[in-house]
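If you read the sequences in order, they're chains A and B.
For the first sequence, position 149 matches number 149 in our numbering, and the numbering has no gaps at all.
For the second sequence, position 12 matches number 12 in our numbering, and the numbering has no gaps at all.
Take these hints with a grain of salt, some might be off.
One side of the interface only, derived from the structure: several residues of chain A facing chain B at Cβ under 7 Å [as the list claims (entries may be wrong)]:
no. : residue
1   : 12
2   : 23
3   : 91
4   : 94
5   : 95
6   : 113
7   : 192
8   : 193
9   : 197
10  : 203
11  : 204
12  : 258
If you're looking for bench data, these hints aren't it; they were derived computationally from the structure.
All residues carry an ideal CB built from backbone N, CA and C; glycine is no exception.
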Amino acid sequence: MSKKKIKNKIQQFFLNLFFIFICFVALLPILYALILSFQSGTAALSTKMSFFSGTLTLDNYKNIIFHHPLFRWLFNSLELSVGTMIVAISCSVTSAYAFSRYRFKGRIQTLRLLLILNAFPQILTMFALFRLFKTLHLLDSKPGLVLIYAGSMCIFSILNLKGYFDTIPIEIEEASKIDGASETQLMLKIILPLAKPSIIVTAVMVLIFVWNEYLFATTFLLKDTSYTLAGGLYQLQASDYSRSWPLFTAAAILISIPILIVFFIIQKHMVSGLTSGGVKG
Amino acid sequence: MNWKRKYQPWKHTIPAFILIGAIIIFPIVYTLYISFTNMNLYHWDNYGFVGFRNYIRALFKVDSGFIEAIGTTFLWTFLNMVLQIVIAFFIALGLNAPKLKLARVYKTLLMFPWAMPAYVSILLWKVGIYNTDFGLANKLLSWFGISKIDYLSKNVPAFLSCMVLNLWMALPFMIMMFDGALQSIDQSYYESAKMDGAGFWVKTLKITVPSVKNIMMPAVLMTTFTTFKQFDIIYLLTQQKGALTGATLQTIITYVHQKAFVSNNYGLSSAVSIVVFVLIILISLFLNKGLKEEAL
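Sequences are here, hints too, so could you generate the full structure?
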């Protein structure tokens with residue numbers, strides 16, 4: 001009996017060893033960046049194999065916060081993501097409701113079309129959009145970019161919210177209809193409060209999308225005062241990154257922290273939202 | 001009254017469809033239009049129609065590079081998916097080993113690469129890991145006494161570097177999906193298999209794999225699609241504006257971007273976009289068949 005116990009102990013030991021190694025590999029690039037962000041510029045650029053060379057310093061963080069327009073970028077990102085959230089959610093909530101509650105001609109076909117359009121990589125039509133926006137003088141304008149982001153997140157939001165509406169029993173609405181509630185009252189007083197959890201999760205996912213988007217931000221916003229966090233970070237490494245590399249890691253860490261926090265809060269909902277169908281690609 | 005009933009639902013969808021029409025559908029139609037013209041930097045306004053010439057050039061002229069890009073894309077998708085599924089499966093299996101007390105801690109730690117903003121991870125890898133002079137990968141090599149490698153300057157090492165990064169970024173999601181699927185398996189199967197004296201491999205192949213297969217289908221198809229569409233990794237690692245590393249790796253998505261925004265051949269780029277779009281419709285029709293229709 002004790003022989004088996006020892007065998008189990010050994011097995012467990014190796015399993016734990018294996019997972020410590022795997023976790024180390026998974027975290028290594030992030031840890032490395034974290035360590036470098038606390039080092040002075042010259043130490044980070046040494047080619048020697050060393051993790052802690054020189055003294056730790058907060059200079060990079062001070063530098064990125066006070067000598068670079070980090071707050072300007074943050075403000076731009078916030079503006080864009082809140083704008084996108086409002087436009088995308090308010091456009092999609094009523095149509096999600098319609099697709100969930102009404103049975104009408106063309107419903108299934110439209111949903112199928114939405115699924116296919118949702119799978120379509122927007123990069124493929126980026127030039128057409130660029131030309132369109134140039135003609136309409138919407139380049140370098142935040143409302144223009146908000147429209148693009150809202151458009152690309154609208155289908156996702158419709159499908160996500162529809163999936164949630166499907167799980168709300170219809171009886172509640174019918175009861176209030178009998179009580180003589182109008183369509184608008186029904187929407188504002190009954191549906192929206194009931195759908196609140198899903199609306200919050202969808203809104204947060206829209207926010208993460210905008211926060212993490214760099215390609216459209218760097219293509220459609222040309223002035224450096226209108227850079228978002230993503231665009232700014234991108235520019236920071238694009239312009240001679242070897243010199244500003246510790247600075248860049250400090251910025252990268254600062255930008256990632258809010259996303260990491262939000263991610264771990266809504267992580268559970270994300271997995272269930274993704275597996276329960278409705279949203280693909 | 002009847003009229004109202006019929007159009008009531010559509011009324012709710014008007015705002016969304018104006019937005020989708022302007023931002024998603026119109027650009028697709030416009031791309032189709034551009035694909036039949038010779039629009040480029042010199043013909044920005046005075047472009048002319050050239051019929052199917054762009055399509056012929058993309059599909060039948062080897063020098064256009066599009067066929068090569070298709071090959072790269074399929075190889076990329078295939079290798080990534082096989083590795084992802086196999087590695088994620090075994091890691092998830094390990095996480096579900098009966099006596100692993102710290103499983104929750106490991107799971108949380110493993111989630112970090114997924115939680116990081118993708119472009120931040122890619123840029124961190126580009127300068128932190130793959131940089132020839134002070135990247136971690138070469139530091140490790142020199143530690144073992146091996147000479148430095150220029151990871152991103154040739155196609156094959158660049159492809160492999162992109163793949164390692166993609167695995168790092170995509171595995172956490174796959175592991176969590178497998179983990180969930182494994183936990184849904186009825187434990188009594190294993191007990192009766194144990195009674196019959198089945199070993200690890202028999203149990204895995206005869207019970208675990210068949211039970212997990214169907215649950216994992218949607219997640220696997222979805223990931224296949226995102227891998228197929230992957231743009232950021234290859235673009236940010238090897239072909240940023242003004243920071244080309246020398247590798248000429250192109251998938252179909254980066255190809256479209258490169259033709260439109262680098263070599264300014266808008267007609268050709270648009271033709272390729274349309275071809276890719278048709279390809280995507282075909283693939284998603286095929287995938288939707290594999291998925292349950294209940295979502296609708």
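Status of the hints after comparison with the structure:
About 5 Å separates the beta-carbon of residue 12(A) from the nearest beta-carbon of chain B, less than 7 Å, and the hint is met. Interface hint status for residue 23(A): upheld, as the beta-carbon distance to the closest one in chain B is roughly 4 Å, under 7 Å. Hint status for residue 91(A) relative to chain B: holds, with the closest Cβ pair at about 4 Å, below 7 Å. For residue 94(A), the interface hint holds, the least distance from its beta-carbon to any beta-carbon of chain B being 4 Å, beneath 7 Å.
With a least beta-carbon distance of about 4 Å to chain B, the hint placing residue 95(A) at the interface is held under the 7 Å criterion. Violation of the interface hint for residue 113(A) is found here, the shortest Cβ-Cβ separation to chain B being roughly 9 Å, above the 7 Å cut-off. At a threshold of 7 Å, the smallest CB-CB gap from residue 192(A) to chain B is about 13 Å, leaving the interface hint violated. Evaluation of the residue 193(A) hint against chain B yields a violated restraint, the C-beta minimum of about 18 Å exceeding 7 Å.
At its closest, the beta carbon of residue 197(A) sits 19 Å from a beta carbon of chain B; the interface hint therefore is violated under the 7 Å criterion. Interface restraint check: residue 203(A) against chain B, minimum CB-CB distance 15 Å, threshold 7 Å, status violated. At a threshold of 7 Å, the smallest CB-CB gap from residue 204(A) to chain B is about 13 Å, leaving the interface hint violated. Interface hint status for residue 258(A): violated, as the beta-carbon distance to the closest one in chain B is roughly 10 Å, over 7 Å.
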